[in-house]
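*Asks:* Residue numbers (the numbering used here), protein chains in the order written: chain A, 1 to 125; chain B, 1 to 395.
Just so you know, not all the hints are guaranteed correct.
[Said to hold, decoys possible] Computed Cβ-Cβ distance ranges for the label pairs, DEER-style:
id, chain 1, residue 1, chain 2, residue 2, range
1, A, Lys76, B, Lys108, 49 to 59 Å
2, A, Lys75, B, Thr283, 40 to 50 Å
3, B, Glu277, A, Lys76, 31 to 41 Å
[Unchecked claim] Think about it this way: if two alpha-carbon atoms lie no more than 30 Å apart in a straight line, the pair counts; the simulated DSS-like pairs of lysine-lysine are:
id, chain 1, residue 1, chain 2, residue 2
4, B, Lys207, B, Lys219
5, B, Lys274, B, Lys263
6, B, Lys138, A, Lys107
7, A, Lys21, B, Lys138
8, A, Lys73, A, Lys88
9, B, Lys372, A, Lys8
10, A, Lys107, A, Lys8
11, B, Lys3, A, Lys8
12, B, Lys207, B, Lys169
13, B, Lys108, B, Lys263
14, A, Lys21, A, Lys73
15, A, Lys21, A, Lys122
16, B, Lys371, A, Lys8
17, B, Lys160, B, Lys138
18, B, Lys263, B, Lys219
These are computed hints drawn from the structure, not numbers from a lab.
All C-beta atoms in this analysis are idealised placements derived from N, C-alpha and C, irrespective of residue type, glycine included.
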Amino acid sequence: MYSNEVLKIFSNPLNAGRIVKAEGIAENVNADNTANVEFSLRIESNVITDAKFRAQANPYIIAVCDTIAGLIKNKKANMLSLDEFQIKSSLGENNPTDIQFCIDCVKLAVNDYVEKMAKSSKTKA
Amino acid sequence: MDKIYLDNASTTSLSAEVLNAMMPVLTDNFGNTSSIHSFGREASAVVDASRDLIAETINANSNEIYFTSSGSEANTMAIIGIAMANRNRGNHIITSKIEHPSILNACKFLERNGYEVTYLDVDKNGFIRFADLLRYIKNTTILVSIMGANNELGTIQNLKAIAQTAHEKGAIFHTDAVQLYGNMQLDVEEIGIDAMTISAHKIYGPKGVGCLYVSNGIKVDPIIFGGNQERGKRGGTTNTAGIVGFAKACEIANRDMRTNNHKLRELSEYFVSKLTEMVENITINANVRQKLPQIISVAFTGVDGESLLTKLDLNGVAVSTGSACTSNSLAVSHVMSAIGLKNDDAKSTIRFSLGKNNSYEEIDTALNIIKKSVDELRAYSSTYSAKTRKRKGDK
Chain A
1 MYSNEVLKIF SNPLNAGRIV KAEGIAENVN ADNTANVEFS LRIESNVITD AKFRAQANPY
61 IIAVCDTIAG LIKNKKANML SLDEFQIKSS LGENNPTDIQ FCIDCVKLAV NDYVEKMAKS
121 SKTKA
Chain B
1 MDKIYLDNAS TTSLSAEVLN AMMPVLTDNF GNTSSIHSFG REASAVVDAS RDLIAETINA
61 NSNEIYFTSS GSEANTMAII GIAMANRNRG NHIITSKIEH PSILNACKFL ERNGYEVTYL
121 DVDKNGFIRF ADLLRYIKNT TILVSIMGAN NELGTIQNLK AIAQTAHEKG AIFHTDAVQL
181 YGNMQLDVEE IGIDAMTISA HKIYGPKGVG CLYVSNGIKV DPIIFGGNQE RGKRGGTTNT
241 AGIVGFAKAC EIANRDMRTN NHKLRELSEY FVSKLTEMVE NITINANVRQ KLPQIISVAF
301 TGVDGESLLT KLDLNGVAVS TGSACTSNSL AVSHVMSAIG LKNDDAKSTI RFSLGKNNSY
361 EEIDTALNII KKSVDELRAY SSTYSAKTRK RKGDK
């Protein structure tokens, strides 16, 4: 059973999809191997200007991903801070494990960006 | 928007004929069957008539029918009641890995209390292997319990052969026929069934009533204690109206069996054929002839089953991801695991179960909604495009 907020977001996720040639991209699979999510980030001058997700997951996780993608836009990638309470308040229900699983995926996507930046700096040097 | 119900293996709607049969009992014949006065006697008479009718449909004697509150209770009574009553004969029970949770959890209870239980594997279509049954059955085996038709796959087991094997070793044979009853003539004498579970709400009867058939001569202990109801085998005030509705549902199911089976087979074949045509990359699980055609288990590659179920529900189509009794659990269905489905396929599986009241128009509407929903979910699935690319590469 899902909250009305979850069902509303799940019915029409605004941030579903994939950014072509994203600066940061990562995939994550949850511990019991029942959900798979991917975040792709457009990052310009260290600011996340766009975020998209793709998922094979239940409606709650899809709603969490869509909420996170909305929350992180226009935030600085290297100072990104997300917590479950922020997301919980948007969704009306809380599953800390699922939320953390999605947050971890965003962090992996940011790490991917940071690593790419580091490689690019080395190449230039 | 009219809703379309494709979850008849979970429960069915109450038939108008059944309701009509129940109404006088609900309104006028309210006596307690245990009472000596006329109110009690009148209630007792309709329960006796119902018992006679149900017994007749399976070629049993009336005193072999024990009414319960559900199929789950009847299954629990069969497993625990028979195991306890026959403890002096042995302590070994054989069942399968795809049984209803009421069987599996009753077996686990017995294991915690000194019994030994063998859970038979099944093949990819959900059939038990006779070689396994022959290998594990032994002199201490007191009970073999194998379901008639599986609630998630529809696979129908060869009950006669299982009964024969059980009897050759002196074991009692129980079958959970909750899904099968009403779809196939079940003559307990002819098949060799010693105990059998039936439930009313799967055959357009009321919820809250089922029964356990136990052949005369088979010992069974009560699991619910109370008065002398059900000849001392099941305490609790008799659910008179429920039992009358149950009997009426049994009568109708047997009366209309041929017509319903014909309709359900044609409707199900139409559904599967159109679905396969309209939606690519799907797998029909247990796509065999020896099954209930109306239970259709489908894996949609790259789609989460729960998300698809929710999307269909939001668009007015009711289905389920597995049995209703386990659908609140996030774990992959034990039935899908037992038939060897990979985790990806198991979590993308939906059960459609058609009923006698579904129409071709409903099926066409549902198919369009299914296609649209699957397309929408696949459009942003993190695994679908990768999988399809891999499949193309494999070729």
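*Asks:* Of the numbered hints stated earlier in the document, which are not met by this structure?
*Replies:* Hints 3, 6, 7, 12, 13 and 18 not satisfied by this model.
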